[in-house]
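Note that the protein sequences, when read in sequence, are chains A and B.
So for the first sequence, the working numbering puts the first residue at 1296; every next one is plus one.
So for the second sequence, the working numbering puts the first residue at 44; every next one is plus one.
Hints in this document: simulated from the structure, not taken from any laboratory.
Be aware that a few hints might be false.
Within a straight-line C-alpha distance of at most 30 Å, the following computed DSSO-like cross-link-like pairs (lysine-lysine) qualify [unchecked claim]: (1) B:LYS93 - B:LYS61; (2) B:LYS140 - A:LYS1304; (3) A:LYS1603 - B:LYS78; (4) A:LYS1606 - B:LYS354; (5) B:LYS140 - B:LYS78; (6) A:LYS1417 - A:LYS1356; (7) A:LYS1302 - B:LYS241; (8) B:LYS241 - B:LYS134; (9) A:LYS1556 - B:LYS354; (10) B:LYS93 - A:LYS1302; (11) A:LYS1616 - A:LYS1556.
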Amino acid sequence: MPVEVPKEKWPGSVRTITLGALPSEGGTRKRVVTVGGETAMPFMHFEGEIPNPPVVAIEIKDRKPDDWSPLLLETWKDVIDDPAQWAAAAEAAGADLIVLALSLTNRNGEPTSPDEAVASVKAVLRATGLPLIVFGPGQAEADNALLVAVSEATKGERLALGICEDKNYRTIVATAMANDHLVTARTPMDVNLAKQLNILISDMGLPLDRILMDPTTGALGYGIEYGFSVMERLRLAALQGDKMTQLPMIVTPGFEAWKAKESKVGEGVPASWGDWLNRAINWETLTALTLVESGADIVVLRHPESVKRVKAAIEELMAAKSLVS
Amino acid sequence: MALSGIQIYKLLPQTNCKECGFPTCLAFAMKLAAKQVELSACPYVSEESKALLEESSAPPIRLISLKSDGYEVKAGNEVVMYRHEKTFYNKPGLFVKIKTSSPEADVKTLAQRIQEYRVNYVGIDLEVDGIALEDDTNEGEKMKNAVKAVRSVCKKPLMLFATSAANLEPALTELNGESPLIGCATADSWEKFAELAKQYKASLAVMADNLDTLAELSEKIKGKGVEDIVLVPHGKNLGHELILQTQIRRLALKSNYRPLGYPTLAFCQTHAQMAQAIAKYAGFLVIDTFAEELAYPLLVLRQNIYTDPQKPIQVQPGLYEINNPQPTDPVLVTTNFSITYFSVANEVEGSGLPAYLLVADAEGMSVLTAWAAGKFDAERIAKAVKAVNLDAKVTRKRLVLPGAVAVLSGEVESELPGWEIRVGPREAVDIPKFYKQVLQAN
Ligand code: B12
Ligand code: SF4
Chain A
1296 MPVEVPKEKW PGSVRTITLG ALPSEGGTRK RVVTVGGETA MPFMHFEGEI PNPPVVAIEI
1356 KDRKPDDWSP LLLETWKDVI DDPAQWAAAA EAAGADLIVL ALSLTNRNGE PTSPDEAVAS
1416 VKAVLRATGL PLIVFGPGQA EADNALLVAV SEATKGERLA LGICEDKNYR TIVATAMAND
1476 HLVTARTPMD VNLAKQLNIL ISDMGLPLDR ILMDPTTGAL GYGIEYGFSV MERLRLAALQ
1536 GDKMTQLPMI VTPGFEAWKA KESKVGEGVP ASWGDWLNRA INWETLTALT LVESGADIVV
1596 LRHPESVKRV KAAIEELMAA KSLVS
Chain B
44 MALSGIQIYK LLPQTNCKEC GFPTCLAFAM KLAAKQVELS ACPYVSEESK ALLEESSAPP
104 IRLISLKSDG YEVKAGNEVV MYRHEKTFYN KPGLFVKIKT SSPEADVKTL AQRIQEYRVN
164 YVGIDLEVDG IALEDDTNEG EKMKNAVKAV RSVCKKPLML FATSAANLEP ALTELNGESP
224 LIGCATADSW EKFAELAKQY KASLAVMADN LDTLAELSEK IKGKGVEDIV LVPHGKNLGH
284 ELILQTQIRR LALKSNYRPL GYPTLAFCQT HAQMAQAIAK YAGFLVIDTF AEELAYPLLV
344 LRQNIYTDPQ KPIQVQPGLY EINNPQPTDP VLVTTNFSIT YFSVANEVEG SGLPAYLLVA
404 DAEGMSVLTA WAAGKFDAER IAKAVKAVNL DAKVTRKRLV LPGAVAVLSG EVESELPGWE
464 IRVGPREAVD IPKFYKQVLQ AN
């Protein structure tokens, strides 16, 4: 009994964005990563193109973090004091790209200086051939000071610099523009706010194919449903032809999931929560997988086991293409 | 597909006798189309028209319900592809697979853990829904014994799976008065399964790796008088499963395609299959292993995805007393978003430290969301203090703000003269430490 499946014909598509630059392109990366280009909802190979698989980034820090779950500190303990070694370990763990999150203060508790930030970034670039995303500490002044220095010292690498928000994006965008980098633009789970920030950034002259959009997510149990739905809505808008939403999406389920009590705390929790380590990894994995289903192009994770699981899933989601051509 | 008023009118007697309470059959037809009246109000509709009208008003995805003594798990009746379009209604039933080859003692232990498993998430008790027994020995007696073993410790609904329908019959005689699910019927075995489903009033799972076969099977089974059908699209990999699930939902909702207008079931081994089944359209999930650290996040994910996007889960604003506070104990203020309230309340309660928790009406938003939206400011906090007449309840007037809104402390101070305003930690986990080191110290 042949079944006629209705197919969606979408007028729009997501932009294709490449992170990292090869030596021939003015950078030093051994490989680049291309995301986006979708002309259908996630993995709907039977009615459109999903030319590039979503990718997995591993988040590392420029020094041992103060507020990470003890489980993560244990996982990365051999490399945690050295961003270069950490980056190499992340590459070995299967990362497609690296996110280096700069800290507000250095090992001695003093504000991280631009020189220190540059040194960390350069060390990471030497240690791995993967493309790199650099996040500032998350405070406007520090972000601007550190990211400008990093941007200038790595001209031509096609890093992605972040995080641009509506309150602080001009300096980051300007330096990315001047030094051939990309930016990530974050807005709090709202289609219109996302569009607005993309417009503001592109109005400054940065081409849309150098902007990654971060619609923000919550962890499982802490608002993931808002992230899930806003991503579906953004992707639908993009496919319907709304230019300012046609950007690949980056989300940080690792950061969100490892902030949750379920991942951070091992003692004094209900027995029904089960084993701590497995629970924490499940928390991150399930958060990330759910977001991949709703349209994430880059997921930023923290634990190697989650990376393995999410990558295996993406491979199967992409492999379905040959079954339904 | 829902019929228009005109289409319905053509099926009515067209005598305008007015007995339905409307002046004309057409007027009645219009009300029917708008679902504002019941068809039974017209005594003269022919049986034939009745059948047609009922068929057309049936939901596009049939509601299936599995029942046992005191439990019911429902699937189907969904109306949208994306949850933001309205909401998803029936949370996919979570079943744990147990093989009938397992020693009886193991079956019992696991069944008991499943029966007793309960985890609290934002004040809601979440539970696993039932057990799926799989006949991996090809012996009907083993299945029967497994059912008995399960039923000695667990009352939750059952699914029974075997390659041969005959192996399920002895077990079904043990489940009088229940509505289990049996399966999986395939192109080769469907007839025997259909007979059994009919005889024992069970729902029937139908499996195929493509939609053509699935549709054909469901029609044949329906032809035998079994309508409580559950589809098992057995994809060749994760991506194929996603596509099949999406196509089934789309055919049911967009094309009102009856042969696939049933809820689906997904057998899940990997985390990815589980997340996908919850996010993308499964009516039931059968997972291979049970562990607390897996059940908990899966139940939470299901709860999250099936939350009504129009209504954040909220608690009642007001004053909550935790660990029997005295008038000298501190007042912590927070918002009425359930996740927020419970992360704070659980920390305070767990620490054993006495406190008042003042929950301001922030329209169900988290601390920072509410603050950014202007729903959690000094004025609202002061209003909450007055609404519960806090001045009369505490002698030492200490109000602790969430660390995330430290910026509010000055304004709250001027709104609440006579109150000592303290800024607490950002994260609820740090409240006990703050309480001991700061609040108890002075
Ligand atoms: C989910 C979410 C939403 C959901 C709403 C969810 C809800 N019902 O509240 C939606 C998508 C609707 C939303 C909307 C908006 N959001 Co919003 N949202 C979030 C998100 C992702 C998670 C919030 C959350 O649920 N946290 C979990 C709860 C439990 O946290 P919490 O309430 O803060 O409670 C914790 C602590 O504060 C502490 N605590 C709580 N009470 C107390 C009490 C005491 C005494 C103490 C000591 C501690 C304590 O304990 C808890 C656990 O540690 C955050 C970003 C993020 N990842 O955190 C942004 C965020 C809060 N949103 C933000 C914004 C700006 C908005 C909007 C204004 C955007 C807009 N302009 O439309 C709107 C406002 C809503 C509106 N206008 O209707 C911003 C706020 C920025 C700021 N710092 O001002 C954030 C931080 C995102 C960002 N980085 O920009 N949002
Ligand atoms: S009762 Fe039936 S036949 Fe009479 S007017 Fe109403 S719809 Fe027409």
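Hint-by-hint comparison with the structure:
1. A C-alpha spacing of about 18 Å is found between LYS93 of chain B and LYS61 of chain B, which places the hinted pair at or below 30 Å, so the restraint holds.
2. A distance of roughly 40 Å separates the Cα atoms of LYS140 of chain B and LYS1304 of chain A; the hinted pair therefore is violated under the 30 Å criterion.
3. Of the supplied pair hints, the one linking LYS1603 of chain A and LYS78 of chain B is violated, its CA atoms being roughly 51 Å apart against a limit of 30 Å.
4. Note on LYS1606 of chain A and LYS354 of chain B: the hinted pairing is violated, with a Cα-Cα distance of about 34 Å set against a maximum of 30 Å.
5. Restraint check: the Cα-Cα separation between LYS140 of chain B and LYS78 of chain B comes to about 41 Å, which exceeds 30 Å; the hinted pair is violated.
6. Taking the CA atoms of LYS1417 of chain A and LYS1356 of chain A, the gap is about 13 Å. The hint holds against a cut of 30 Å.
7. A threshold of 30 Å between alpha carbons decides the hint, and for LYS1302 of chain A with LYS241 of chain B the separation of about 36 Å lies outside it, so the pair is violated.
8. A hinted pair counts as satisfied when its Cα atoms are at most 30 Å apart, and LYS241 of chain B with LYS134 of chain B qualifies at roughly 26 Å.
9. The straight-line distance between the Cα atoms of LYS1556 of chain A and LYS354 of chain B is roughly 24 Å, inside the 30 Å bound, and the hint therefore holds.
10. Restraint check for LYS93 of chain B and LYS1302 of chain A: the C-alpha separation of about 33 Å exceeds 30 Å, so the hint is violated.
11. With a CA separation close to 38 Å, the supplied pair LYS1616 of chain A and LYS1556 of chain A exceeds the 30 Å bound.
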